[in-house]
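Build out the structure end to end from the sequences listed, making use of the hints.
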Amino acid sequence: DARAVFETNDGHGTGPRYCPSLESKVVRFPGREHRIWLEPEGLDTDVVYPNGISVSLEPEAQMRMLKTIPGLQEAEILQPGYGVEYDYVDPRELRPSLETKRCKGLYLAGQINGTTGYEEAAAQGVMAGANAARPEEPLVLSRSDAYIGVLIDDLTRRGTSEPYRMFSSRAEYRLSLRPDNADFRLTSLGHIHGLVGQSRKDAFEKRASGVREAIAALDDVQLSATQWQRQGFTLSQDGRYRSAAEMLTAGRVPMQRLCSAVQDVLGEDPRSARMWGLLNMDRSYVDHAAVECYYRPYIGLQERNLAELRRDEALELPDDLDYMEVGALSAEDKEKLQQYRPISIAHAGRIPGVTPSAQFALLKYVRKQRRRSGGDFTEGVVQL
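With the first letter of the sequence shown counted as 1, position 317 gets the number 677 in the working numbering; the numbers rise by one all the way through.
The set of hints was computed from the structure by calculation and includes no laboratory data.
If you anchor each label on the Cβ, the simulated ranges turn out as follows: (1) 380 to 419: 12 to 22 Å; (2) 428 to 489: 44 to 54 Å; (3) 600 to 380: 48 to 58 Å; (4) 449 to 397: 34 to 44 Å; (5) 380 to 448: 12 to 22 Å; (6) 558 to 419: 51 to 61 Å; (7) 554 to 464: 16 to 26 Å.
Just so you know, even glycine gets a beta-carbon here, dropped at the ideal spot from N, CA and C.
Now the structure itself:
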């Protein structure tokens, strides 16, 4: 007798995939238990928020459901759950600046662009506001600049068929899009577009200079495997020289010990003095340099994978490919791929909701299948 109109398709809307209502979860996952967390609203109140019980049923039905939960038989509802169905503008009608193509000077941000979530709305609001204030010099972030760039590129280039949420898996440069290097990626751009003041820019430049100096000092010291081993470091005898940066990150070695080892080998060499100078630096500079050195090989692998994906994006996908059997694909990836049946890796990348990670997983899967069948990997390339 009670129902959630837009969740049961009696209405016209598509509910969010990643924060669904309880009735949506029951429909999608019948027969399962659904956990509910009782979260106190404060220390001086008896109000409790039941997280995980978001519903849009009629209030009477919500009350009956609540009484079936152990411990809540006598609870009262202060605010019934509710659902909101909203219209949205096809985000492909927007420029990368979030200005509408049809109405100059009108910028859109938030749910009206087909997204869901606080952070997604806030990110668009920052960009739309910045560009509305300075339309002659629009601020556009690339996919390698920030997650905001990924979000806006996905929306304006691919569009969306369901409420869009931002996930790290949607970003092909996610190893480079980290909280610890946000200032390196965005401060200069922010200053150019009037979003960062001069004092903050000066503080960043001082920090950036210190980090660059620390990385340079660590990279400058190159010792053989034998020399590092004689200082008590464990590593393979492969004849390869290794930098202090590699030793710092591979073995999580304390900086003091690393400096002592370098001095024992190099003596009064200026490189040794430069290493000791790191101990007198702002600790945050050295810590950030260590993080950059740690991520360096993984970012290199990321770049090689992307180059490989771009090189082989014309690879044809088999007509009978069962995407449900492909490992490393999310449920959303599998659903969208099974629905659209793309003809190539590149075509798969143009499907709303299909991530770069999914494209690379498809590439590896098809290659593996062809090696098993003895097929020629150069066959089956389509003209894009």
